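Protein sequences, first through last, are from chains A and B. Start counting the first sequence at 1; every next residue gets the next number (the working numbering). Start counting the second sequence at 478; every next residue gets the next number (the working numbering).
Hints were generated in silico from the structure; no laboratory data involved. Nothing here was measured: the structure is a model prediction, and the numbers come from that model. Among the clues, some could well be false.
To be verified - With a straight-line Cα cutoff of 30 Å, these simulated DSBU-like cross-link-like pairs (lysine-lysine) come out: (1) Lys840/B / Lys177/A; (2) Lys177/A / Lys505/B; (3) Lys347/A / Lys433/A; (4) Lys176/A / Lys840/B; (5) Lys970/B / Lys177/A; (6) Lys839/B / Lys93/A; (7) Lys177/A / Lys878/B; (8) Lys970/B / Lys176/A; (9) Lys83/A / Lys93/A; (10) Lys145/A / Lys505/B; (11) Lys839/B / Lys176/A; (12) Lys840/B / Lys93/A; (13) Lys176/A / Lys878/B.
To be verified - Below, a sample of chain B positions facing chain A; criterion: calculated Cβ distance under 10 Å: (14) Val634; (15) Leu658; (16) Gln799; (17) Ala843; (18) Glu907.
In this text, a Cβ means the ideal position worked out from N, Cα and C, and glycines have one as well.
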Amino acid sequence: MTRRRILLLLLPLVLLPVLAAAAPAGDTPPASPGLLAPPDRLAYPPLDFPVPRAERFELPNGIVVYFLEDREVPLVTVQAYLKGGSLLDPDGKEGLAELLATVMRTGGTHSRTGREVDERLEFLAADAEASAGLETISASLSVLKKDLEEGLALFSGMLREPAFEEERLVLARELKKEDLRRIADDPARFAFREFGRFQYRQGPWARLSSLASLDAVLRQDLVSHHRRLFTPRNLWIAVSGDLSREEAREALQRHFGSWTAADIPGTEAPQPVPGRRGIRLVSREISQSVLIVGHPAPSRSAPDYHAFQVLDFLLGGGGFSSRIFQEIRTDRGLAYSTGSFYRSRLKHGVFGAYAITRTDATLSVLAHLERILAESGRGAFKDQDLQAARESMLHRFIFSFQSPEQVVRQRLLVEFDRLPADFLESYRKNIRKVTTGDIEAAALRWLDASRASILVLGDPRGFGGRLDSFGEMMNAP
Amino acid sequence: MRNRLLFLLLVAALLAWEAAAHAQDLEKRVIRRVLPNGLTVLLLERPLSPTVSLYVRYKSGAVDDEDGKTGTAHFLEHMLFKGTESIGPLDPAGDAELLERIFRAGGDLDRERARGERADPERIKTLTGVLRDLESRHRATYRSNEIDRLYTINGAVGLNASTGQDVTTYHVSLPMNRLELWARIESDRMVRPVFREFYAERDVVLEERRQRVETDPDGLLYERFLAAAFTVHPYRRPILGWASDIPFLDPAALRSFLRQHHAPNNTVIAVVGRIRPDDVFRLIERYFGGIPRQEPLPRPIAEEPPQTDERRIRVAFDARPQLMIGWHKPALPHFDDYVFDVIEALLSRGRTSRFYRELVEKKGLAEKAAAMSGIPGSRYPNLFVVYGTPRDPHPVAALEKAVHEEIERLRNEPVTASELEKIKNRMRAEFIRDLASNEGLARTLSYYEAVAGDWRYVTGHLQVIERITPGDVQRVARTYLVPENRTVAILEKQP
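Model the full structure from these sequences, guided by the hints.
As structure tokens, then:
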């Protein structure tokens, strides 16, 4: 029963970004359907789903802990979250947070070398990883219950007193550099990475690591950045699995309780300012183009967050029945991968519509994408569309809470992201409240063509027309 | 050193006991029943979340495509999302009639296009116009993407299907109270699908091919590599189909594939989640029980002759270099296949694996180096594959040499007891971790029931692994991992 990791073994029907979401609903009484009854007339027993809770406690030093017991398998999972990610990388040292996370995991602790840590974890068949996003650094540990003590000792050693061995920093840096050199070999990955920079135009959000910026990150940078961010009051921990609340509290107190360090670090970064409409072309001589039409979008605490969620679902986040997929893929056969994504951050959001299409269809697909976005502010979605999207999102809500790890994580993130305490409880109510008027208002407000960031990767000689007829071309920095 | 080994053996013994207990428990909890028409059903109750994960596996895939019609299994998988006779039609008579005319026009167009350079451009233009016109009239007679809509409004997640060389799979997770919808849709599309939007979807598959093969160095290398490693066996052909076959796939080929391969006696279903097994079984009986069994097909699959010399190919592509090496080996449940699972883990699972230690860390030659056993499928004798990417400034040749050295080490030196135990420990823990997800369990149980003929391959796997000795590893390496049995494929820029 080996885990096959190569993607090409199977070809799925559709490659879509995975979305979390949705919940239950009461229904009509069961009938007895004949074999060919229209599936819409099937009746289902009601399903009541109270959002699962997790227990919350604090360690005396300020670490916030969310906990859920689950005895099914003899495993314990620990997830740690800290504020501060690559947004805080100093100019010229882009990639610092990412290297910090990697070398924290691989570079040893005060009492063990990196190699010893690797060997102990392997010995215990435990998994530990760490990674950095734009606003967050996270780490996780999965360990057999019987090895919890030693697993936690290693894990807390990494978080509290990483040694950042020079040799492991060099390795992490060289691997990251090779990864950068290879990004251009994967057109979709390359395009989405460049889009990540282009949509913000400038400022801390618009930066990406480069070979030079990675070379500029020194061990001392990791040490001081770690000292700044890693304090008990900037740490949230989710624990779930085969242990009791008291066992969890005592174990965490043993391994993290003696940690006293300075105050909460300042981790706020200035928010991005939406730019005006622009197009960036990344020239590549290939037979397909990657197109992304980006727009600013609401933050997770914005009043129109739920309306925008529904809008994204209707446009391209909701699978086959969503408008972009239907029009670009099903009706016209112009793409295999197409749809939209909505990423809501703490204080702003990003929306993008995308398609990967043959070179000579590039301009017509771009026109279709922009038309579909524009129509969403002009009554494109009727009551029945809204109804279907709402149903879908409400019914699938339960899948955000399938495992104990998911439950504690969801609960923890509400507090971590400073969302209203009833964010999860009121999610379904808020989705139900969304009207077609709300969707149109959200579309008009956010999907304003004069603020679109359009990224096209492809071979312009084969477009059969002028890309600059769509707007001003903007060069890469 | 001795103490360490003793400690490791103690840890290992505990974990082996723990894993064995879980394996035993799983054997008690999984219910396996076979309907009179041959449909195999696996049921497992996991009450944690009010959801259920559903897998339908057909024991057929790309290997069963006819030559000249490669890509049939995969295209059929796409077309099974286009509705059925009773799912989708708004005007059933118009739907059926226009579809007939569309297939006739599409057939005429394909025949003209097949003439290649002798094709008449005027006639192609006319026929394309006729086809487009029929298609747009057809659109008013049915609801597009109805299967997806039904699933989606009922809260489905993970709705997808996939085609492999050996198995085709349709899977979805639903709120527990919506099981009947799944039974209604899956039993219907198993026998009565309607191929609406046929020609537009064929274009989608061509876009898929552009995306996965033509513009993707990994995909291109993999396709060329398999075509070199296998000379006769259908594993040499891409799942998507050859570029020259896809544009001519026709509805008749798909229909005949469906009839032959989507028979209940060729099908495995797994249901895992908060269920009442008896109720679920009755539901499946009600919806699937009436589907008639088909005579099992003789499968005249050509056997791959033994390889006697190294094969070597070069793929020119504008990308950083990549390396793929494969050795022929037997399929499960051959004992040596289990040994290869151990070798795979030994070489490339985790940060203390040999490839990571030697090629990535110590020598600094590789960005990635991974071993994979069972490529490109599991039903027939397959390959043990090493895939690697060199790290600048090292040439791909240096990485290749280092890989061969590691393989040689497997042949020349017995693995130490502690290294072998470490690997087994990881496999035991992974077994336990894999028990914690509905989706994962449904996937694994149904896969091995379909491929190994018995899902208990999963629980028996560890017992066999426990028996593997350093001598087995060395013998297997000496038998299969030899130069005359390997194919080397290198992708790099045109010099």
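Violations among the numbered hints, reported as their numbers in ascending order | Those not satisfied come down to hint 2.
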